[in-house]
Amino acid sequence: MDKTPEQINQDLLRPLYHASWRFYAAAAILSALVLAAFYAWGYQIYNGIGVSGLDRPVFWGFYITNFVFWIGISHAGTLISAILRVSNATWRRPVTRCAEAITVFALSIGAMFPLVHLGRPWLFFWLIPYPSERGIWPQFRSPLLWDFFAINTYLIGSTTFLLLPSFPDFALIRDRASGWRKKVYGIVSLGWRGTPKQWHRLEMAMRIMAVAIIPVAVSVHTIVSWDFAMAPVPGWHSTIFGPYFVAGAIFSGIAALIIAMALLRKLLHLEEYLQPIHFENLGKLLLVMSLLWFYFVFAERLTTWYGNFPSEMAVFWVTQSGRYSKLFWTMVFCNFIIPAPILAIKNLRTKIGWTVVASIPIVVGMWLERFLIIVPALSHKYLPYTYGTYKPTWVEITITVGTFAGMGLLFLLFSRVFPIISIWELKLGGQKKPEAAPALASQEVAAEP
Amino acid sequence: MKAIYGLYPDPESAQRALNLLERAGSDLGFKDRDIAVLSGEPYEEYGFGQRDHKTRMPWLAALGGVVGGLSGWWFVSFAQKSYPMISGGMQLVTKWPDGIITYELTMLGAILTTLFTLLITARIPDWSGRKLYDPAISNGKILIGVTNPPEMAREELEKRLRAAGAEVVKNFGN
Amino acid sequence: MVIDEDRCTGCEACVAACHAENNIATVGDDQAARGRAMHWIRVERYYEGDFPNIKVKYRPVPCQQCSDAPCEPVCPTYASYHNPEGLNAQIYNRCIGTRYCANACPYLVRFFNFFNPVWDKPLDLQFNPDVSVRSVGIMEKCTFCIQRIKAAEIKAQAEKRPLKDGEFNPACVQSCPAEAMVFGDLNDPESKVSRLSRSNRGSTLLSELGTHPKVTYLKRDTWHNGQNA
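Residue numbers (our numbering), protein chains in the order written: chain A, 361 to 809; chain B, 152 to 325; chain C, 6 to 234.
Bound conformation, chain A alone (with noise of 0.2 Å):
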């Protein structure tokens, strides 16, 4: 990229300064639908979650979905910049921001699902251990706790990751603002100079982070996969679930990075900046995860069918052709036969428009395959005389809706106060290398007369 710094400081802080209307109504737009999530959420506090189409057997429905699903996307970005971190590949400079930002949000979100499926709210506190004067701590056997503590670890990591390279950008904000901005940004960046030995403790922590933060990544979605593994349900109590969670939260997680940064580039412009290189390396790796995926899937299925045990069976076959046959076969095309052959050919894999078109159904296959792990296994449980079945309700719909607009309400409201692309880093990227050894100062000083 032939760009001059100033040049790249003014393409990507415009969207800091300048809104057009279109900004405001779909900022308006979201937020109404946030709104309505709200609303439905307080009902169903008043009124109980009875207003959910929650029921017996099934207790777990769109909420947990939703919390998987999420927490899923949220692995799109900090494994997937951190990833590319570790194997210092360059592509990765104008993405890593994106892909950061979209794990707090999608993080956050999906956090809030355990709280809005309990059935006392206002008492979720006790699942924090702190010494109480109930004199009771919580239960560590238990695999909320688990999560309690992986979904705090990652949230802190990620946010932390996000925000360590973004100081040197609020740092330059604040150099070239005036006004309020220059206050918010000043105090925002924390006082940052660009010294050697920040610059070099900055990236020293970055690679610290990177490292640290995969661990974390991959045990958070373990644990959730173990939310359902541990308990003997038929079609939950398997090993096979961490591994094969772990790849559909990234495989989810690269869709929605793709999705959001086409948008992104389409809406600030930043056309010369994320180009179809980077849509095609994500494309590729989108690939990858598609495979994976329905290597799980049928190692899953085969394994399930071969060992023939009734109880299984009866999950089994409700998916393969019983009543949740047609979502079942809906998300084997979205996430494999749609998406696989688009990706899998270089001339559609290299325009942006065709990885949006792959990815989209993938966000939806993600969704549908939670759901599917979820509510077929709890409806046909060990004994015949409790099957049943789950309906959602307009609260659940609400919020779910709610919750795709509260991620693009907040990712709106990101673009505006964040640079999207990590400036410093984008620079780096083209800076100028030593030509040859530094010349000796005491020849230059010679020279001069």
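Read the hints as simulated data drawn from the structure, not as lab findings. Here the structure is a predicted model, which means the values were calculated and not measured. Some hints here could point you the wrong way.
Stated by the list, open to error - Only pairs whose alpha carbons sit at most 30 Å apart, straight line, appear in this in silico DSBU-like list of lysine-lysine: (1) C:LYS62 to B:LYS232; (2) B:LYS182 to A:LYS557; (3) C:LYS197 to C:LYS62; (4) B:LYS232 to A:LYS542.
Since the structure of chain A is provided, determine the placement of chains B and C on it from the hints.
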């Protein structure tokens, strides 16, 4: 804090200026640590970008991880013993599930230690605004200068900073 | 507890007695149709054969009071816990309603209060003062009528004597007209329930899951099946 500094348009001239200052320190009466370098992006490939590169951050992070893990293990065992309740036929201190929490707190310890090590060693946050700074570095300029220079050496320093290729030479804090 | 499937007639007197004894909410038609009815003990009906040659099998299912209960370790707040006498107790005050225990329970004998409890008139006039009423968002389940166990224990303690076998019974056992259920102390090898649980006809529900239930089912005798075959 007082300082005299030059702003350089490219890393080569900044490197020239730094080399020059490093040699001139003993003559003009300032120390190596008085030399200030500020830039809008890291220049790891150049000598001036490699100053102050000694750090124990990775070891501290590892130590933080060990401390986090040990305290996690201790805390969970303590909690399980202080409210002794058997459930699901498992033992009182369940080592395998406790390992998960130990693991998470190990990572949390490492992450937080890294964060705090960064904040402390990079001397941030610092909102005082009294430290040497010039907003021009945000436009790609590189600042090389001397903090608290001896008054007598000012003119000589200014000359040399210009000689290395400074676009402007400025005084800070007067 | 021992339940003799050979004796059960499927009359559901146990279900009614349980509702009355334990202040279980009647959720109403709509909610019941959505599968939210709460019956701490239920009588499962299984049909064998084609109409009109149908044989109906009944199986009353209360909480199996597993020794290694899957519901207990998954509860993050110790609401589901193992009491010193070996029962799976549910402490309502601790429950925050994650509903994880109900998912983990293979027998599906845990019931969730989706709303605050309501009772059809005149059922609201016959509450049992010994049993707390559960609010919205809380899991509840069969307790083996722990209030009766405690009352009998206190009485025996006051009279300075050990509990006698069959001195008291949970509501379901007491109300069973066919005497299909027997309740007692499994730790006492001489009690009636211990002897019956060692019967050749005895088995536990979903024993392959390793939950070690404390409810033993006595299967129908072979002579009975032979006669109808």
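Where does the structure disagree with the numbered hints, that is, which hint numbers, in rising order? 1, 4
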